[in-house]
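Take these sequences, add in the hints, and give me the full structure.
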Amino acid sequence: MARQNRRLSRDARYGKYADGPDPLAPPVDLSEALDAIGEDVMGGTSPERAIREFLRRGGHAQRGLDDLARRVAERRRELTSKNNLDGTLQQVKELLDEAVLAERGQLARDTDLDDGDRALAEMQLDSLPPSPAAAVQELSGYDWKSPAARQKYEEIKDLLGREMLDQRFAGMKQALENATDEDRAEVAAMMRDLNELLEAHAAGTDSQEQFDEFMAKHGEYFPSNPENVEELLDDLAARAAAAQRMRNSMSQEQRDELDALAQQAFGSPDLMGQLGQLDQNLRSLRPGEDWGGSERMDGEQGLGLGDGTGVFQDIADLDALADQLAQSGPGSDLDDLDLDALGRQLGNEATVDAKTLQQLEKALRNSDALRRGADGQLRLTPKAMRQLGKSLLKDVAERMSGRQGARDLRRSGAAGEPSGATRQWQYGDTEPWDVTRSITNALTRTAASGRVGPGVRLEIEDVEVQETEARTQACVALLVDTSFSMAMEDRWVPMKRTALALHTLVSTRFRGDDLQLIAFGREAEVMDIEQLVGLDAMWDKGTNLHHALLLANRHFRKHPTAQPVLLIVTDGEPTSHLEPNGQVWFGYPPDPITIALSVRELENAGRLGAQTTFFRLGDDPGLARFVDAMAKRVDGSVVAPENDDLGVAVVGSYLGSRRGGNPLFRDDWGL
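Going by my numbering, the first residue of the sequence shown is number 1, and it counts up by one from there.
Hints are not guaranteed to be accurate.
Capping the alpha-carbon separation at 30 angstroms, the derived lysine-lysine pairs in DSS-like fashion look like this [unchecked claim]: (1) K383 with K362; (2) K93 with K82; (3) K93 with K145; (4) K362 with K390; (5) K632 with K541; (6) K173 with K93; (7) K541 with K383; (8) K217 with K145; (9) K82 with K157; (10) K173 with K145; (11) K173 with K157; (12) K145 with K157; (13) K217 with K173; (14) K157 with K93; (15) K383 with K394; (16) K217 with K157; (17) K82 with K217; (18) K394 with K362; (19) K383 with K355; (20) K390 with K558.
Estimated spans, in silico, between C-beta atoms of each pair [as the list claims (entries may be wrong)]: (21) D143 with T205: 48 to 54 angstroms; (22) A108 with D234: 53 to 59 angstroms; (23) G273 with E53: 52 to 58 angstroms; (24) T205 with E349: 45 to 51 angstroms; (25) A421 with Y588: 46 to 52 angstroms.
No lab work stands behind these hints, which were simulated from the structure alone. The beta carbon of each residue, even a glycine, is placed where N, CA and C say it ideally should be.
Put into structure tokens, the structure is as follows:
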């Protein structure tokens, strides 16, 4: 045993796992995929389509379906652009030229040859037709004087026979090189038995025993080791159909030449007859194969009949892979990818990429970030919304941290009183530990693991910190414009990102605050964050700031002891308002009544003590004048951020409002 262990150690070799994803590798990381899917969903894409789009694009460290499809297309172009179909005809012509040249040399050197016979032979050679097939046919009865020339001529018939068989049975060309008459007789016997088997199958009289007997006798010709007649048929028909597509791709002249040459193949009409019968059987048993296709092959490398058939099979594989990678048909599934064909055409690396994508799709669909609703559609779960919100808030924090006057979001509310709640410690937290909760977590984890022994080991995930509340609670209303111009000017997604980032900040760091999200287009509506994030682009005309302010003031009145904070994101002047009867009135350009009603509700917010900030999107001078005038009436502020900086501006304004002031970030933030 020790000797065996030493031998194993000596012979062991380590290398990269090449047959698929490493089984010891960690599970696929979903964070990048979920972030990308969340972004697409906020842009109006369904979660189902967002998953497919991510799988198409791939990630930073993962190639997607589009990359695999591009490589499939490049491989196909390579096959059709570098090859042509003259290979066998060119080989025949070369052998014929060598035979004629050797014969002429022999005629010139042979002094014992009768001058009349020499002249007759030279005349026959001189009068050979330009067509290789016709020349081969005419020389079939020629009395060769040169043994070398006769051998070259026989090689033509041998080459044609092997090529014809190689078209139907891959590898036959090499297997029958230098074959004897006995070898050819065995092939002919196999062909007869095969046709008998297929004809019996077509008639429904075959049996598994008949197939097993056939394979026991002729299995060497079928390296794929089919287990039944159907599998045998699939292999044979796929190659025969590729051979037919190759023939369809030839010119009429090339087809005529090969048909004429085929009569000389092996000098065996019986074998050629068996091949013809095989083709008929395969066509009738597999009519669904592509027997009528063709390709334009205009490269420089000539293909023989067997090699060309293999290339046409490769092209068929690549076409099937392109369809599978497109994932465009109903019921398309990544599990339908033919990984064996992908590996043959593009190599093991492509197979690993495809397997990883399959794992990623399964992990996404089985994760707790997506769920299927009663209508059968996938939706982001609250957990996914929280994760996406944290990612957006982190991005906002990083942007703020690099700007003068920015505030660390992790310390928001740290100076307040403990709220009684706890949360898991995160890097950068400075709140005091909740020792009781932390030790309880360690004990629970240790008991669940089944470990026994003295003492308790405290892990970092056990640690919880005390939540704190800011001493000044805020009642926040975020009003976001959802008119058609927001979608038209690519402001739809930045608006959603901003709302989700602020919602995440309030719900995780300032739980004592009350945030209400109000979307206003032709009319206004209070929305929860899931509804707003999933909102499709609105194309109705109308900017009903009046209705939105009515809803915001109602929100403020419900929290009389809190500090009202009014944040308004818009890219247009008010063009609609709410009539006393509840109907929406729209008019463009802005009607004075619409403006007056909007101003009145804004002043009502000011009387409630609301600290107001307008976030003006776009550079329309009329909008700038209107917003400046509105803000001035309530001693509010105006920020004009770029789309990408909207989240930073809104979060920064909110944090400033909670400090008791409303500092603008114009000069030091460049807004």
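Report task. With 46 to 52 angstroms as the target window, see if A421 and Y588 comply at their CB atoms. Result -> Between A421 and Y588, where Cβ atoms are some 49 angstroms apart, the hint holds.
Query - Straight-line alpha-carbon gap K217 to K145, limit 30 angstroms - result: Distance of about 42 angstroms is beyond 30 angstroms: violated.
Query raised in the report: Does the alpha-carbon distance linking K394 and K362 stay inside the 30 angstroms limit?
Result: Given that 30 angstroms is the threshold and the Cα spacing comes to 28 angstroms, the pair holds.
Query raised in the report: When you check the alpha-carbon spacing of K173 and K145, does it fall within 30 angstroms?
Result: With a Cα-Cα distance of about 29 angstroms, the restraint between K173 and K145 holds, given a limit of 30 angstroms.
Query raised in the report: Straight-line Cα separation of K383 and K394 no greater than 30 angstroms?
Result: At roughly 16 angstroms apart (the allowed maximum being 30 angstroms), K394 and K383 satisfy the hint.
Query raised in the report: If you check the beta carbons of G273 and E53, does the distance land in 52 to 58 angstroms?
Result: holds, 56 angstroms
Query - Distance restraint between K145 and K157, which requires alpha-carbon spacing of 30 angstroms or less - result: OK: K145 and K157 at ~19 angstroms, within 30 angstroms.
Requested in this report: Take the C-alpha atoms of K217 and K157, compute the straight-line distance between them, and say whether it is at most 30 angstroms.
Outcome: holds, 27 angstroms
Report task. Measure nothing beyond the straight line between the CA atoms of K217 and K173; if it is 30 angstroms or shorter, mark the hint as holding. Result -> holds, 20 angstroms
**Report entry** Hinted pair K173 and K157, Cα distance within 30 angstroms
**Finding:** holds, 13 angstroms
Query raised in the report: Straight-line Cα separation of K93 and K82 no greater than 30 angstroms?
Result: Holds. K93 to K82 sits at ~21 angstroms (cutoff 30 angstroms).
Query raised in the report: Are K157 and K93 close enough, with their CA atoms no more than 30 angstroms apart?
Result: holds, 12 angstroms
Hints 7, 8 and 17, counting from the list given before, are not met by this structure.
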